[in-house]
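I would like the entire structure built from these sequences, with the hints used as guidance.
All letters in the sequence shown, in the order written, are residues 1 to 137 by this note's numbering.
Careful, some of the hints might be misleading.
Stated by the list, open to error - Label-pair ranges, simulated between beta-carbon atoms: (1) Q79 with T134: 33 to 39 Å; (2) R131 with V81: 16 to 22 Å; (3) R33 with G84: 28 to 34 Å; (4) R110 with D75: 20 to 26 Å; (5) S64 with L127: 29 to 35 Å; (6) L127 with G84: 34 to 40 Å; (7) H88 with E130: 19 to 25 Å; (8) D44 with Q135: 16 to 22 Å; (9) V81 with R33: 16 to 22 Å; (10) A119 with G61: 17 to 23 Å; (11) G107 with L127: 33 to 39 Å; (12) E23 with P74: 31 to 37 Å; (13) G109 with Q135: 28 to 34 Å.
Note that these hints are calculated values from the structure, not bench results. Glycine included, every Cβ here is placed at the ideal spot set by N, Cα and C.
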Amino acid sequence: MTSASSSPPPLPAPRDVRLRLAEPTRFGRTARRIDGAWWPRSDDLAEELAGLLGVLPRAWGRISSVLVHGDTWPDCPEQMVVAGQTVHVGHTDSPTAPHTVCLLAPGRGRYDLLVVPPATAQAEADLLMERAVTQGA
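Encoded structure:
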């Protein structure tokens, strides 16, 4: 039994975004094909993408467009609002990019992240993410 003066239980902590980024070169960009690795917790792109865009480095600028593979993310919005800004979401069917997401920031560049499937075991995900940031693939 709780009293009327007892405080409500604390809210659950927000889900951490599982993201590893490659170290930038002294010129601010990596000289590799992959800029980092992202391990979303679910297949819900709208929910996961909002979290991802909220933790990217400020130096990357505002992401205005995201390109995802249609087979990996078949159910995604054409656009979404993140932190009050509209982000356009497009599909690709490129066989070379089924497990990547491309982030575009006008005037700043393009950033490609390896996407580790949500159901991947922790040890395998850690290995894939480490390889992405150290070897760029």
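Now the hints, each set against the structure:
The beta-carbon spacing between Q79 and T134, approximately 34 Å, falls within the hinted interval of 33 to 39 Å. Distance hint check for R131 and V81: the Cβ-Cβ separation is about 34 Å, which falls outside the suggested range of 16 to 22 Å. With their beta carbons about 32 Å apart, R33 and G84 fall inside the hinted range of 28 to 34 Å. At roughly 24 Å, the beta carbons of R110 and D75 sit within the given window of 20 to 26 Å.
At about 32 Å, the beta-carbon gap between S64 and L127 stays in the expected band of 29 to 35 Å. Restraint check, L127 to G84: a C-beta distance of roughly 37 Å satisfies the suggested window 34 to 40 Å. Checked against the hint of 19 to 25 Å, the C-beta distance between H88 and E130 comes to roughly 31 Å, which is inconsistent with it. D44 and Q135 have their C-beta atoms about 29 Å apart, which leaves the hinted 16 to 22 Å range violated.
Against the hinted window of 16 to 22 Å, the Cβ-Cβ separation of V81 and R33 comes to about 30 Å, which falls outside the hint. Range check, A119 to G61: Cβ separation about 32 Å, and the 17 to 23 Å hint is violated. Between G107 and L127 the beta carbon distance is about 35 Å. The supplied range of 33 to 39 Å therefore holds. For E23 and P74, the hinted distance range of 31 to 37 Å is satisfied, since their beta carbons lie about 34 Å from each other.
Between G109 and Q135 the beta carbon distance is about 21 Å. The supplied range of 28 to 34 Å is therefore violated.
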